[in-house]
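Undergrad: For the record, in the sequence shown the residue sitting at position 110 is 289 according to the working numbering, with numbers rising by one throughout.
In short, the hints are calculated from the structure, not lab data. Beta carbons: idealized from backbone N, C-alpha and C, even for Gly. There may be inaccurate statements among the hints.
[What the hints assert, rightly or not] Pairwise CB distance ranges, derived in the manner of DEER restraints:
hint, residue 1, residue 2, range
1, Ser284, Lys222, 38 to 46 Å
2, Lys187, Gly294, 13 to 21 Å
3, Pro200, Gly294, 35 to 43 Å
4, Lys222, Asn245, 21 to 29 Å
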Amino acid sequence: MKNVYRTKARDGIVSFLMKHPEQRFTAKEIFEAVNKLTEGINKTTIYRNLDRMCETGELLKFKEPNQDSWYYQYSSEHEHCDEHMHARCSECGKIFHLEKPFASSFGKKVLSEYGIDIDPAQTVIIGKCNKCRNKTKK
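Based on the provided sequences and hints, a complete structural model is requested.
TA: If you want it as structure tokens, here you go:
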């Protein structure tokens, strides 16, 4: 990863999201939480930091079906998030990293069958995880 400038805004975002690694938040929710921790940070600074952190793979950014807002989720436990796809549980929001061999073979299959070249960094498969499926069965 490139050298990262440590700022109050960035540190606040990381601190907040690391406390909630399996949850997703809108930029507004992140701004409100960070502003409680470090007053005086403006929205533009938060948005700029969120964009940078998405570019480095530190955060995942995605939209929910039928929602206008973008959601952000911490992803720093995995380096090179831009090289693999993700699956997200539609119920609990947990992110699963679909590692490169799977992403690569899936991407090749979609390209050969449908002519679509998938960008792994932008691909999130949505479904229900085992834990949530088992809750539903009970």
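Undergrad: List in ascending order the numbers of the hints, as given earlier, that are violated by the structure.
TA: Violated: hint 2 alone.
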